[in-house]
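Student: Sequence:
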Amino acid sequence: MLQTIVNAFKNKDIRKKILITIGLLFIYRIGCYIPIPGISLDVYDIAHGTGDQDQNTMLMLLSSLSGGALANGALFAIGISPYINSSIIIQLLTVAIPKLEQWSKQGDEGKRKINITTRILTLVLAIAQAIGIVVNWSMNGAIYEIFGVGNLTWLVSMFVALVMVAGAMLTMWIGERITEMGIGNGISLLIFVGILSSAGLAIISLVAAATPDTSSEVVWQIVGFFLLVIAIFAFIVFIDSSERRIPIQYAKQVKGRKQYGGQSTFIPIKINAAGVLPIIFANALISFPQLIMSMIPTVAGTAFYGWWQRWMGVGAPVYCVVVGLLILFFSYFYAQIQFKPDEVARNIQQYGGFIPGIRPGRPTQEYLTKVTRRITFWGALFLAFIAIVPSLIFAIAFGQGSPLLNGFSATGMLIVVSVALEFEKQLQSQLMMKQYKGFLK
Numbered sequence: 017m018l019q020t021i022v023n024a025f026k027n028k029d030i031r032k033k034i035l036i037t038i039g040l041l042f043i044y045r046i047g048c049y050i051p052i053p054g055i056s057l058d059v060y061d062i063a064h065g066t067g068d069q070d071q072n073t074m075l076m077l078l079s080s081l082s083g084g085a086l087a088n089g090a091l092f093a094i095g096i097s098p099y100i101n102s103s104i105i106i107q108l109l110t111v112a113i114p115k116l117e118q119w120s121k122q123g124d125e126g127k128r129k130i131n132i133t134t135r136i137l138t139l140v141l142a143i144a145q146a147i148g149i150v151v152n153w154s155m156n157g158a159i160y161e162i163f164g165v166g167n168l169t170w171l172v173s174m175f176v177a178l179v180m181v182a183g184a185m186l187t188m189w190i191g192e193r194i195t196e197m198g199i200g201n202g203i204s205l206l207i208f209v210g211i212l213s214s215a216g217l218a219i220i221s222l223v224a225a226a227t228p229d230t231s232s233e234v235v236w237q238i239v240g241f242f243l244l245v246i247a248i249f250a251f252i253v254f255i256d257s258s259e260r261r262i263p264i265q266y267a268k269q270v271k272g273r274k275q276y277g278g279q280s281t282f283i284p285i286k287i288n289a290a291g292v293l294p295i296i297f298a299n300a301l302i303s304f305p306q307l308i309m310s311m312i313p314t315v316a317g318t319a320f321y322g323w324w325q326r327w328m329g330v331g332a333p334v335y336c337v338v339v340g341l342l343i344l345f346f347s348y349f350y351a352q353i354q355f356k357p358d359e360v361a362r363n364i365q366q367y368g369g370f371i372p373g374i375r376p377g378r379p380t381q382e383y384l385t386k387v388t389r390r391i392t393f394w395g396a397l398f399l400a401f402i403a404i405v406p407s408l409i410f411a412i413a414f415g416q417g418s419p420l421l422n423g424f425s426a427t428g429m430l431i432v433v434s435v436a437l438e439f440e441k442q443l444q445s446q447l448m449m450k451q452y453k454g455f456l457k
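Quick note: to get my numbering, add 16 to the position in the sequence shown (first position is 1).
Hints in this document: simulated from the structure, not taken from any laboratory.
From a predicted model like this one, the values you see are computed outputs, not experimental measurements.
Treat the hints with care, as some may be off.
With beta-carbon atoms standing in for the labels, derived distance ranges [stated by the list, open to error]: (1) K121 with Q279: 25 to 31 Å; (2) V223 with E382: 56 to 62 Å; (3) A413 with K121: 45 to 51 Å; (4) R389 with V235: 45 to 51 Å.
Heads up, the beta-carbon is just placed ideally off N, CA and C, and yes, glycines get one too.
Make the full structure from the sequences, and use the hints.
Tutor: Structure representation (structure tokens):
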């Protein structure tokens, strides 16, 4: 990958795109430190949950995804999460709503309509998320009076929510500009930078809190942290590059004086074709009720809310079981959306192809369905393992109160690896394109 980056910088056009990407990412990181007026950082440790490990877990996860912007009470506090959620919702609704499915098959015009719908839904979700976070802050006393005239806390809360929504839309715009003018997917790169920043801030906070008596212990914690991260990275890369190749043989056909077909190819089916979407869906679904209950004062102090925090909080036994089951469900659901055996079998038969040992038509469809289900099962087990086991290992190795737990997320590591591999593929394709252009000239 390093050699690919070096070769990319030697090309003027690609180097320009890389510099544009770095510049926009730098602007995004600056926005993660510009504070929003009206937020009291003195009590903010209570508002975003650092004062209580089990309180407001959803806010802590959002802060980690935004690279610490939420913890800083910054302009990009919400980050890119509303756009991610809206994109996922629209993608799922494309299967259920005929109009969206029709747009998805209309080429560039349909893609433009889907993008507009996604942006509108992003605005709606950003408003809802901003209101929820501001209400949570207000309950903990993090919203203070900035005008000094009368009781205008409600007006300050509206101002903070408005700024957060504007920051979310600006983040979406930066991501789209990276995709259009830079290298790779802009939204993925924003998440990539945010996760790496959170991990870096966690390590810095751990070093800053060290004393002469605990310095050696901190060093060993950091060494152990990097060793575990490298092992998990290697495991993720191995599974991410694994695939099942189904051989396809095309029969020879003679049309006129020319002979067609007679070649062999294969259908690659990745073990982890769904990526991190099942994990994102599962975590969002199980964490959303706690966020809603924490915003309602009459519910936040009840015994049911305490039970939920104890058993359904991150790392709790019931939480692990439910998340694992939800990941299995969403993995199979997403596999049915992405890979359709009936269409693949029909296309293979239409072009005169067949799977060796399998008859064309319905037997091919049944065979592809059986193979897809088996591969999806192992991919879902991998995602469930990544979502649960590494976090538990880190909690046991470093303790529940370690800052490394706030900056570490196995889901985040999966995203980092996926984005890094995709970025390398984008660079290689750009380099190959430039080489072909030079050959044609």
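Student: So, for every hint listed, does it hold in this structure?
Tutor: Hint check:
1. Remark: the range hint 25 to 31 Å for K121 to Q279 is upheld by a beta-carbon distance near 29 Å.
2. Take V223 and E382: their Cβ atoms lie about 58 Å apart, and the range 56 to 62 Å holds.
3. Roughly 50 Å separates the CB atoms of A413 and K121, a value that falls within the hinted 45 to 51 Å.
4. Between R389 and V235 the Cβ separation comes to about 47 Å, which falls inside the hinted range of 45 to 51 Å.
No hint from the list above goes unmet by this structure.
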